[in-house]
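Colleague: Now for the letters of each chain:
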Amino acid sequence: MLTEFGKIFVFILVAIFFVTVSVFVAKLLRPSRPTYEKQLTYECGEDTIGSPWVQFNIRFYVVALIFLIFDVEIVLLIPWAYVYKTFGIGGYLVGAIFLILLGLGMAYEWRKGDLEWSRPPLPKLKVNKKKLFQIEKSE
Amino acid sequence: MTVYDIIFYLFALITVGSAFFVVTLRNIVYSAFFLLFTLFGVAGLFVLLSADFIAVVQLVIYVGAILVLLLFGVMLTHNITQVQIKTGTLQIIPSAIAVLILAFSLIKIFLNTNWKTVPLTVQSSSVEGLGVLLLNQYSVVFELIGILLLIALIGAASMARR
Chain A
1 MLTEFGKIFV
11 FILVAIFFVT
21 VSVFVAKLLR
31 PSRPTYEKQL
41 TYECGEDTIG
51 SPWVQFNIRF
61 YVVALIFLIF
71 DVEIVLLIPW
81 AYVYKTFGIG
91 GYLVGAIFLI
101 LLGLGMAYEW
111 RKGDLEWSRP
121 PLPKLKVNKK
131 KLFQIEKSE
Chain B
1001 MTVYDIIFYL
1011 FALITVGSAF
1021 FVVTLRNIVY
1031 SAFFLLFTLF
1041 GVAGLFVLLS
1051 ADFIAVVQLV
1061 IYVGAILVLL
1071 LFGVMLTHNI
1081 TQVQIKTGTL
1091 QIIPSAIAVL
1101 ILAFSLIKIF
1111 LNTNWKTVPL
1121 TVQSSSVEGL
1131 GVLLLNQYSV
1141 VFELIGILLL
1151 IALIGAASMA
1161 RR
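Heads up: the sequence lines are chains A and B, in that order. Residue numbering for the first sequence follows the working numbering, starting at 1 and increasing by one per position. Residue numbering for the second sequence follows the working numbering, starting at 1001 and increasing by one per position.
If we strip away everything but chain B, and leave its shape as in the complex, we get (with noise of 0.2 Å):
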């Protein structure tokens, strides 16, 4: 077990713990604070994986900016505290029945999976490599995303404005 392992475990641990807390505690606004907590971890993973734009992407905008339009969307609410969530078990055969699928699916999935492992290297960041596609391939992609954000930012602000 070496150092990155240990790192690894760590972060699915503050991954999957604060998971659980998020989908199990009865305060709407402390299942969104652990969800920093769960999309920290997941950024911490990227890492470990050698997609340094991609935690940064995770950080800056899942942490920074989605997190806060959902405190915000959960503080608009009217009456917050008289909400009732409810997290009891419901349907237990239906959700029995969808777990197990899942879970057969997932371990067949893990099973078959011819996982291919390259030794750790010390790369250099992805960032560079990342604009030089943007700007060959995928220029038309790159204007398409911005006229799609354009047509997100228009909408929604003309919808919250009513």
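For reference, chain A alone in the conformation it holds in the complex (with noise of 0.2 Å):
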């Protein structure tokens, strides 16, 4: 088993080594002539505008939370479906009733809404519009 995570760390370790060189190598070929443009943070070709450090939709944080309980769900299973098969019937069953009692939790959830996406009104994005205007009038 240790020799299985050993084949990991030597692909991680390797993988770190391959990142580090490339862009070292990189650094010592390409010349450096950076330029206010260039340093521009790129976002398809647009101009960016504002800070990014925006608030984000609670809908994130309700798909994140359903995530992590199914999440730990599956974990629970992956020993259950390793070995029901040699214990029958009653091995089924153990399992069956778990995943009927997480079914409700779904279903429930379906019911209510929360899997949906586009429920609540998205609030509108607030621009300053007059520090817009004096940006766009300095440039």
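Rather than coming from a laboratory, the hints here were simulated on the basis of the structure. Since this is a predicted model, take the numbers as computed values, not measurements. Backbone N, C-alpha and C fix where the C-beta goes; we use that ideal spot for every residue, glycine too. Mixed in with the good hints, there may be bad ones.
As the list claims (entries may be wrong) - Partial list, derived from the structure: chain A residues whose beta carbon lies under 7 Å from chain B: (1) Ala64; (2) Phe67; (3) Ile69; (4) Gly91; (5) Val94; (6) Trp110; (7) Glu116.
Using the hints, put the two chains back together into the complex; each one sits in its own frame.
Modeller: Following this line, the structure appears as structure tokens:
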């Protein structure tokens, strides 16, 4: 088992080594002539406006919360799925009851609309127009 | 010093070093990202203890889900850039006493414990043993965990909806 994880460890080491070396060699080879335009944030060719530290939509949090609980359930199901065949019908039933309980939770979420993305209206983005105008003027 | 010792100290260094940055950095988002390395290092330590399932669970749940939840929690916070996190020292004397008591008891435990070490052997995966235990002795607990998760799911969703 340790040797299997050893392969992963070697893989991680090779990945770190590869990235470090290639970035370092590229830095040695490339010419470095930074301009203001080059150092701007690249966002699909659009000019960026405002700060990236905006308040996120609460939906992300709810989805992450649901994901966390289903994650724990999957972790518990993996050992069960590994051995349930050797236990016959009893082992099957234990897992089936567990899955039905999860299915109940899933049905509840679905029915209540927590899995829908567009239920609450999105708050409008607040852009300070005065400041924007000043920035445009100065350019 | 075997190669296992070197790997152990490497992971220990990752864990402790990034934990240090988690508590000292002033930007809460950077702290959350350093927590990723801390949890990853702990997963590595679990692997060295031959706890393969726990190590993978550590990665899947803590790194995969709880950290994402934490980051979303941070990003949901209003005016995140204006938050001032205090990392100074405030109550020196009480904290010094607490740290001394904790350090003393830890060192005492460290010295008094009879550390049992087993020679390194190549073990098979522990998932099968866990599955057998889950279906034999702990099948009731297994179902109870299912009910607990159901309650957590419904409770979390109904609280977050408000």
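Colleague: All hints, please: hold or fail.
Modeller: Hint check results:
no.	hint	verdict
1	Ala64	holds, 5 Å
2	Phe67	holds, 6 Å
3	Ile69	holds, 5 Å
4	Gly91	holds, 5 Å
5	Val94	holds, 5 Å
6	Trp110	violated, 11 Å
7	Glu116	violated, 12 Å
The structure fails to meet hints 6 and 7 from the earlier list, while all remaining hints are met.
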